[in-house]
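Colleague: Protein sequences, first through last, are from chains A and B.
Just so we're on the same page, the numbering used here is the position in the first sequence counted from 1, plus 10.
Just so we're on the same page, the numbering used here is the position in the second sequence counted from 1, plus 10.
No lab work stands behind these hints: they were computed from the structure.
Among the hints, erroneous ones may be present.
Simulated coverage check for chain A against chain B, where a stretch passes if three residues somewhere in it have a Cβ under 8 angstroms from a Cβ of chain B [claimed, not checked]:
id	segment
1	16 to 22
2	70 to 79
3	101 to 111
4	146 to 153
5	166 to 175
6	201 to 208
Where a beta carbon is used, it is the ideal one built from N, C-alpha and C, also for glycine.
Protein chains: 2
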Amino acid sequence: MRQNEKISPAVIRRLPRYLRALEDLENSKAERISSGELSKLIGYTASQIRQDLNHFGGFGQQGYGYNVKDLKAEIEKILGLGTQYRMVIVGSGRLGQAINSFISSYSDDFRVISLFDVKEDLIGKEKSGVLIRDVACLEEYLRENKPDIGVITVTKEHAQEACDKLIAGGVRGIWNFAPIDLEGSPDIPMENVHLSDNLHSLVYYINHPEQI
Amino acid sequence: MRQNEKISPAVIRRLPRYLRALEDLENSKAERISSGELSKLIGYTASQIRQDLNHFGGFGQQGYGYNVKDLKAEIEKILGLGTQYRMVIVGSGRLGQAINSFISSYSDDFRVISLFDVKEDLIGKEKSGVLIRDVACLEEYLRENKPDIGVITVTKEHAQEACDKLIAGGVRGIWNFAPIDLEGSPDIPMENVHLSDNLHSLVYYINHPEQI
DNA sequence: CTGAGATAGTGATAAAATTAACAGGTGAGC
DNA sequence: GCTCACCTGTTAATTTTATCACTATCTCAG
Numbered sequence: 011m012r013q014n015e016k017i018s019p020a021v022i023r024r025l026p027r028y029l030r031a032l033e034d035l036e037n038s039k040a041e042r043i044s045s046g047e048l049s050k051l052i053g054y055t056a057s058q059i060r061q062d063l064n065h066f067g068g069f070g071q072q073g074y075g076y077n078v079k080d081l082k083a084e085i086e087k088i089l090g091l092g093t094q095y096r097m098v099i100v101g102s103g104r105l106g107q108a109i110n111s112f113i114s115s116y117s118d119d120f121r122v123i124s125l126f127d128v129k130e131d132l133i134g135k136e137k138s139g140v141l142i143r144d145v146a147c148l149e150e151y152l153r154e155n156k157p158d159i160g161v162i163t164v165t166k167e168h169a170q171e172a173c174d175k176l177i178a179g180g181v182r183g184i185w186n187f188a189p190i191d192l193e194g195s196p197d198i199p200m201e202n203v204h205l206s207d208n209l210h211s212l213v214y215y216i217n218h219p220e221q222i
Numbered sequence: 011m012r013q014n015e016k017i018s019p020a021v022i023r024r025l026p027r028y029l030r031a032l033e034d035l036e037n038s039k040a041e042r043i044s045s046g047e048l049s050k051l052i053g054y055t056a057s058q059i060r061q062d063l064n065h066f067g068g069f070g071q072q073g074y075g076y077n078v079k080d081l082k083a084e085i086e087k088i089l090g091l092g093t094q095y096r097m098v099i100v101g102s103g104r105l106g107q108a109i110n111s112f113i114s115s116y117s118d119d120f121r122v123i124s125l126f127d128v129k130e131d132l133i134g135k136e137k138s139g140v141l142i143r144d145v146a147c148l149e150e151y152l153r154e155n156k157p158d159i160g161v162i163t164v165t166k167e168h169a170q171e172a173c174d175k176l177i178a179g180g181v182r183g184i185w186n187f188a189p190i191d192l193e194g195s196p197d198i199p200m201e202n203v204h205l206s207d208n209l210h211s212l213v214y215y216i217n218h219p220e221q222i
């Protein structure tokens, strides 16, 4: 980004959406796209799109717009895609398995190298080609394999412990699905997916349709 | 809320978090909580907490704080909890099943009344006590059972069709897990859980730790 | 019953985010 | 090559969101 400017979280949250749109455009063989057309596709104002992208550099050209392929490549570079992130999932219940299967089919940039669980009957099994290991071996496994991202899909009672171990084991980021706000580490980014919060917001708007 | 005031989305997104904190407090037998203490627990400033809550009425008392039980009840009322929401899940793959199992165990306020899928080998089976039906029967089922919330956990190719049918079938809200921005209806709220977007944001912060 | 201390409510202020406006390149059509 | 509609980068204005600072009120100990 330009001169060490601090980029607001709001902008970062939109980048993946731009990327998705650009993938679709690439698939439909579009070569160029203007902020105005992009605006129609994804609903942000053209102004916002131009301003967002401009935080990272002038990727567009007056009178032309943005080159789809180039812009996609730029956003991938900004996000840090293009290299493989190795992940472990702590908690191999339905949600853990669903995330595992999602990641396997989603992109080569992300690879689950191991699942973990406490349950005897799960340990040793394979899911989507990934072995479920005993969570008792988590620390050792982290030491030896140094995964990049730890995913937490255990119950909220066990989530903090999983988090502590992942951080101690040196993961670079945490993706938390447990319905609790974990104590992390100031240098280790954590993304939370709080399904219940999301559902509650939905219910609010169901009951207050005038506020949509 | 006070005099038809329009509540900002930022406030609404925080309400579920307050609720979670209050549940924890209730479980630990706390009777009262001040904005200052709550601030320490969940990280928002005390000012913000007071202002957020005050949009809906003066639930607190000077010199005392907020009564945990009462405040929890108020927030539940604001969100529209306390009544049961009947849900259908379109897409019974791993993610659909994970959401189903999450909802079943999460709260009595939400009940999945049916799953749907196209796959022959899934139709007729039960998951967490819920029957998987043929998606071909979705429209008829919606007409007859009028569920409140439709959950979309199909592939992105089939998501728009599922969305259209759910809306035509009269659901009051949509919870979308497909990695696509759906065309909905202006009166029907839609909450999106875009896992890939979330993961991409995480990766950005992994690569830009100075921006956390 | 009283007064010190605590704490919510609230209007003002500041900060952040979004949208609007526009100067000035760009390139397609002629 | 000219011209004009197009479209970006960028600055300005506006809107939204968050914080601050202060006042009124309540609690609780004595």
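Colleague: Now tell me if each hint is right for this structure.
Modeller: Verification of the hints:
With 3 residues carrying a beta carbon less than 8 angstroms from a beta carbon of chain B, the segment 16 to 22 of chain A meets the three-residue requirement, and the given coverage holds. Given as covered by chain B, the segment 70 to 79 of chain A fails the check, having 0 residues with a CB less than 8 angstroms from a CB of that chain where 3 are the minimum. Closer than 8 angstroms: that is the beta-carbon criterion, and the segment 101 to 111 of chain A has 7 residues meeting it against chain B, so the requirement of 3 holds. Residues of the segment 146 to 153 of chain A with a Cβ under 8 angstroms from some Cβ of chain B number 0, which does not satisfy the need for three, so the listed coverage is violated.
Using a Cβ-Cβ cut-off of 8 angstroms, 0 residues of the segment 166 to 175 of chain A lie near chain B, which falls short of the minimum of three, so the contact claim is violated. Restraint check on the segment 201 to 208 of chain A versus chain B: 7 residues with Cβ-Cβ distances below 8 angstroms, three needed, restraint holds.
Checked against the numbered hints given earlier, the structure breaks hints 2, 4 and 5 and satisfies all the rest.
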